[in-house]
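Given these sequences and hints, build the entire structure.
Listed here are the chains, written in short residue letters.
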Amino acid sequence: MSSEVVVETRNLSKVYRDFWGRQKVRALKALDLEIHKGEIFGLLGPNGSGKTTTIKLLLGLLFPTSGRALVFGREATDVSKNERLGYLPEESYLYRFLNAEETLDFYGRLFDMPAAVRRKRAAELIDLVGLNWAKRRQLKEYSKGMARRIGLAQALINDPELILLDEPTSGLDPIGTREMKDLILKLKAQGKTVLMSSHLLADVQDVCDRIAILHQGELKELGRVDTLLKVRDETQIRARGLSEAAQAEIRSVIERHHGSVLAMDNPTTTLEELFLTIVRDSEARPGRRAKQDS
Amino acid sequence: MVHETDPVLFSDWIWPSLAYFLQIAVVLGLLALVVGFLVAAFRYGPIAGGDVVYRMVRTGLGDLVSISPRRVMALAWLAVQESLRRRVLVGFAVFLLILLFAGWFLDTKSTSPVTLYLSFVLTATTWLVLLMALFLSALSLPADIKNKTIYTIVTKPVRPGEIVLGRIFGFAAIGTLMLVVMGLFSYVFVARVLNHSHEVEVASLKSVPNDSSGSRTGRTSLSQNHRHQLTIDADGNGSTDIAQGHYHNITARTVGDKVTYEMGPPEDLFTARVPAYASALRFKDRSGQGSERGISVGNEWKYRSYIDGGTLAAAVFTFSDITPERFPEGLPIEMTIRVFRSYKGEIEKGILGSLILRNPKTGRTSQLENFQAKDFYIDSRFIDRKLTDQTGKPIDLYDDLVSDGQLEIELQCLDGEQYFGVAKPDIYLRAREASFTMNFIKSYIAIWVQMLLVTGFGVMFSTFLSGPVAMMATLATIVMGFFKQFVLDVAHGAVLGGGPIESSIRIFKQQNLTVQLEPGLTTDVVKVSDRGFMWVMERITSLLPDFRQFDNVDYVAHGFDIPPEVVLVQVFTAIGYVAAVFAVGYFFLRTREVAR
Amino acid sequence: MSPRQRFIRKIVYACVIAALLLPLSWLSQPETTETKGGVLAQMRSEHQLSQAQLGEIDPASETIKLATLGMRGVAANILWTKANEYKKTEDWVGYSASLEQIAKLQPNVVSVWIFLGWNLTHNVSVEFDDYHDRYYWVIKGINYRQDGTKYNRDSPRLLSDIGWTIAQKIGRADEHLQFRRLFREDDDFNGSRPLAQRDNWLVGREWLLMAEQAAARGVAVRGERPVLFYSHPVMCLVNYAEDLEEEGTFGEVAKNAWKKAADAWTELSNRDLPTLSNVAVRLGDKEPFDEKSRVAQAELAKLTPPGLREKIEQEKLATLTDVEREARETPDDRRSKEHKDAIYATVEKMQIPHLEIADRITGENHAAALRAAEEATYADLMSKLIDIERDIVYYNYWLLRCQIEPNDDTLEARKLIYEGDQAFNAAQLVKSRDLYVQGLSRWRQVLDAHPALLNDSSMTDPLMDSIKRYRSVLHQLDERFPQPFVLQDVIDADARFHGPSLPTSESSGGESPGENADAPSP
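Residue numbers (my numbering), protein chains in the order written: chain E, 1 to 294; chain P, 1 to 596; chain C, 1 to 522.
Please keep in mind that the hints were generated in silico from the structure rather than gathered at the bench.
Heads up, some of the hints might be wrong.
Straight-line alpha carbon distances no greater than 27 Å define the calculated DSSO-like cross-link-like pairs of lysine-lysine that follow [what the hints assert, rightly or not]: (1) C:468 x P:344; (2) C:415 x C:260; (3) P:284 x P:344; (4) C:415 x P:109; (5) E:140 x P:344.
Predicted model, so just to flag it, every value in this text is computed and none were measured.
Listed below in structure tokens is the structure:
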């Protein structure tokens with residue numbers, strides 16, 4: 001992972017106001033983030049925590065109330081940053097009256113790509129997302145999973161350096177989810193930077209290098225997934241084919257070392273626990289900020 | 001045909017208009033900067049605000065330069081796809097229905113069905129296309145924003161200007177396609193409906209008294225609610241008189257001892273005269289002294305001015321650019337002269353008038369050419385090149401009467417106490433005949449221009465208003481555009497009944513326009529607020545396009561060629577407006593948070 | 001919302017819909033042979049809307065109405081404004097096209113058809129200089145209103161208006177000679193109607209009679225006094241006869257035309273005519289009422305004791321003021337302004353109603369006197385009412401004309417004058433003079449038999465024209481106007497109506513008014 005910063009937010013805040021200018025929601029409060037080239041960064045948080053707002057601010061779809069959002073070192077509102085960027089919206093907001101090929105060709109043209117390049121790119125991507133069998137069908141006939149895939153394909157049409165994925169696995173079946181995760185890892189392998197948001201812990205845990213946990217517009221935790229999950233005074237033991245006797249023996253070994261056995265059955269999803277702790281903690285003591293990880 | 005104002009010359013029009021356009025652009029641009037700065041300063045403080053405005057302007061100029069034709073075309077293509085999706089074909093269906101049932105709505109017994117049918121198809125096309133442009137353009141962008149499909153567009157390197165331009169081009173393309181098809185249908189429809197023939201009513205044939213050549217007169221059968229009087233020679237060939245603006249040729253065919261008459265198709269039905277109008281018209285009063293206008297016979301409409309008969313009063317038309325190259329044989333004159341009788345006189349005889357040709361330099365004149373005035377008809381006469389002067393000496397039109405291409409034609413009414421009314425376009429030289437088809441196409445260009453304007457305004461409004469509101473705003477623009485002169489008159493106080501509030505009160509109280517409102521505080525308040533309203537109304541309306549200006553229907557319907565100058569002015573006006581709405585649309589889309 | 005609630009709601013909706021349908025069906029039940037139908041059907045037939053029957057619906061009109069999406073008022077307003085603009089700028093093609101559209105938009109407003117049709121026949125037509133064009137627009141206006149009858153069956157007003165226009169616009173315009181000729185030649189308007197019946201007066205009368213029939217079916221005649229409404233078809237016959245003679249048709253044809261006109265007057269005399277006083281009268285009943293009144297008054301006089309009338313008169317005289325008494329005693333031409341102001345009240349005060357006399361008769365005669373007085377009062381009132389109606393249609397004059405015109409003397413007199421005019425126009429002066437002399441002396445006979453003819457300028461005006469032409473002929477022949485002149489009483493009568501234009505019997509005679517008098521008056 002290089003130290004080159006691709007995405008940076010400084011004190012980024014967003015307040016939604018109503019028609020009369022009255023404050024309605026503080027969607028994001030003074031967010032400071034840095035995303036480095038080549039990493040997979042996850043934004044985690046329950047619905048309404050500010051994940052999507054952050055992504056929209058980074059895309060220039062929303063204007064910050066205060067603070068700055070920089071992408072490739074440029075203001076997020078600068079259109080030219082879009083040349084090197086791909087975006088998969090939360091739901092696939094695509095033109096339902098176009099078919100897959102037309103869709104990709106259209107978005108390709110928005111990148112000012114020559115026809116030959118577009119054709120080649122579109123074919124590759126359709127292949128990549130496995131929609132070859134349905135490429136002549138209008139998108140309105142697509143299932144949700146298929147729509148996600150074509151959405152991803154359009155996000156990759158320009159071979160972007162930075163890819164923003166808003167809830168990439170939503171609406172996908174387990175196999176689809178697995179494929180999506182594999183794809184994300186593949187993108188990372190190609191040296192691309194990925195920013196994804198999710199409220200599904202399992203997604204983030206599997207693929208992200210670093211995550212930020214947002215709740216009520218505030219950053220609660222930020223760090224490497226492995227570091228965040230490491231509980232220093234706990235050891236997890238997993239084994240197969242141990243007899244009762246062997247288990248008893250292990251227990252005695254632990255006790256001999258003045259440890260105590262907490263559980264020895266299937267391990268829990270510890271990220272979920274961390275997450276719940278943060279949410280509980282945040283609701284109990286609002287305003288506590290995350291420490292920057294080292 | 002009536003021209004209440006002199007036709008505009010493109011070369012006279014373009015520079016002042018361009019200057020005016022730039023002036024407005026600068027004023028509005030500065031105004032936008034100031035307002036933009038105030039808003040930004042209020043939000044972010046003066047320095048940051050200034051920065052925002054500066055960056056706005058800088059990137060704006062940058063965006064303008066980096067507009068990519070491919071992206072614009074892609075977006076236009078998308079707009080076309082979307083329109084097809086939204087079933088513009090419904091518009092065609094409506095149009096075809098209207099044509100199919102046109103007979104229901106049209107006065108088939110009209111004196112001039114050509115005028116009526118052409119006005120009808122052109123007007124119907126205009127309204128349908130404008131309506132469609134309104135629906136397509138105003139609803140598209142808001143729908144994209146509502147469906148969030150716009151997210152995938154604006155996260156590509158697409159400039160807001162390209163979105164605006166792409167939409168305008170796309171919908172204009174659809175509109176163009178519709179116009180082409182509608183134009184073809186209309187053309188075929190009018191040509192087919194008006195094509196007809198008659199039969200010679202053999203029983204009506206009578207030989208002409210005091211005529212030894214054997215020619216006969218009679219009448220035709222009734223067809224399409226009219227019939228003609230006809231004259232045929234001894235062989236049975238001839239033609240009919242002009243009725244409903246056309247005539248037919250008749251040929252006789254003898255089979256055995258039976259003579260059958262064949263009547264040709266309507267001739268001169270569709271025309272596109274190219275008139276050479278007089279460059280000036282002045283009058284002489286009863287004593288022969290020059291005067292600005294003739295006299296009024298009490299018409300509300302001041303278009304025509306009258307000259308009294310049996311006196312020295314005359315209307316003098318000055319023609320320029322009369323050359324043997326343009327009119328080698330002589331002058332084909334056409335005139336429409338209104339007759340006003342102050343007593344009934346001889347009912348069965350028209351009022352006598354005379355034409356004199358005069359050399360404006362030497363004052364040499366031709367012999368009087370007398371005629372009976374045909375009220376409300378275009379009277380075509382031909383003035384031969386070989387003429388005689390008042391002493392009966394032969395003279396030549398170009399050698400003796402024209403100097404520096406200038407010629408005066410003087411019209412007089414010969415019957416005492418009777419009057420002739422004329423306006424400048426009432427006597428003209430029929431310089432040549434243009435192609436009717438081309439003329440028809442030119443009238444469609446004017447519709448196309450209107451469609452483009454509506455599309456532009458629709459897209460512009462949709463960059464910052466929600467769909468239905470944008471539609472209402474565009475509709476208001478169209479309505480204001482069609483009644484621009486009226487609204488301006490109201491704003492200037494030239495229309496009786498006061499401003500909007502005052503007239504609402506009048507409507508509510510059912511009060512006559514001329515009745516003064518009761519003096520008092522309420523009335524003062526009403527008048528003052530009306531003045532404010534009218535000021536705003538005037539500013540706004542004067543910025544909107546005058547849709548009447550794009551109305552070429554009258555030319556085509558009355559059989560006159562649309563001057564290319566008029567078309568040029570219309571196209572350039574439209575370009576100016578499209579440029580303006582593009583700038584405004586860009587600005588609004590640029591400053592808009594599309595994800596809200 | 002639970003499925004149960006949703007279900008209940010659906011049931012409620014269904015019930016509401018059903019409940020709304022009931023009054024709807026009550027309103028819109030169609031008319032059948034047995035029942036009158038629902039409220040709408042009844043209203044339709046009450047207002048004579050053609051659309052009462054489904055087959056008579058005009059798709060064009062309905063489409064236009066539908067296309068305005070309930071904004072019919074606004075659309076009509078715009079069209080009217082547009083029509084006015086077209087009229088102002090003399091765009092007649094556009095004007096008549098908008099009128100068609102207006103009519104389709106408001107097809108059941110009779111006054112729209114009448115107003116706009118009138119505009120075409122009377123206002124647009126005169127804008128044109130050529131009488132052919134004028135005729136075209138007159139017919140167009142008539143056709144326009146005829147279209148209106150398709151939407152408004154049985155509208156006496158519309159039918160009557162059409163008839164009146166065909167009759168009067170064509171027959172009374174300045175161009176009536178030309179119009180009547182064109183009307184006869186108009187195959188397109190008349191269709192298969194035989195030539196002899198192609199007279200605007202007769203065709204107009206057909207429509208007027210249709211209006212009468214519509215009125216007879218119980219449709220109220222609005223906007224016109226019944227006596228006028230019923231007199232139009234009669235006057236058509238009179239005018240027909242007059243125009244026959246004006247255009248040179250005499251003999252049996254003219255005689256029969258006049259007789260028919262006379263019959264029509266008699267028929268009208270016997271028709272019950274509603275008046276403004278809510279009493280129906282017959283024009284022919286005046287004389288019987290006068291007779292009744294005379295008999296009753298004689299009866300009353302017989303029952304009145306001598307001196308009673310004079311006594312009442314004295315009493316009334318006593319109530320007068322000094323001024324009134326003075327006014328009464330001063331002869332008419334010497335009354336001061338004060339007197340003139342007072343005289344009406346005086347006359348009023350001095351009237352002795354029959355009933356007042358009867359009231360003062362005491363004893364056994366009282367009842368009989370009262371009865372006679374009542375009878376006389378009633379008869380007087382009716383006579384007066386009839387007089388009012390008679391005056392409106394010029395009953396007395398026309399009846400007299402219809403009686404004398406079919407006479408051989410009158411016919412001959414008119415024929416001679418007509419031939420004299422023809423000869424005059426053909427510049428055959430001697431022939432013309434002789435015919436005039438014969439004609440005028442024939443007129444002498446007619447006037448001697450019916451001196452009442454001189455009471456009316458409609459009678460004397462054409463005679464005066466003939467006299468003036470006769471004078472002109474004499475003048476051109478260098479002959480003197482004969483003194484005494486055979487129709488001097490006509491000249492005198494004319495002077496009473498219009499002021500002297502020719503020497504009257506009171507002036508010294510001779511050629512004094514000079515050359516001007518020779519010119520036919522315009």
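Hints not upheld, ascending by number: 4, 5
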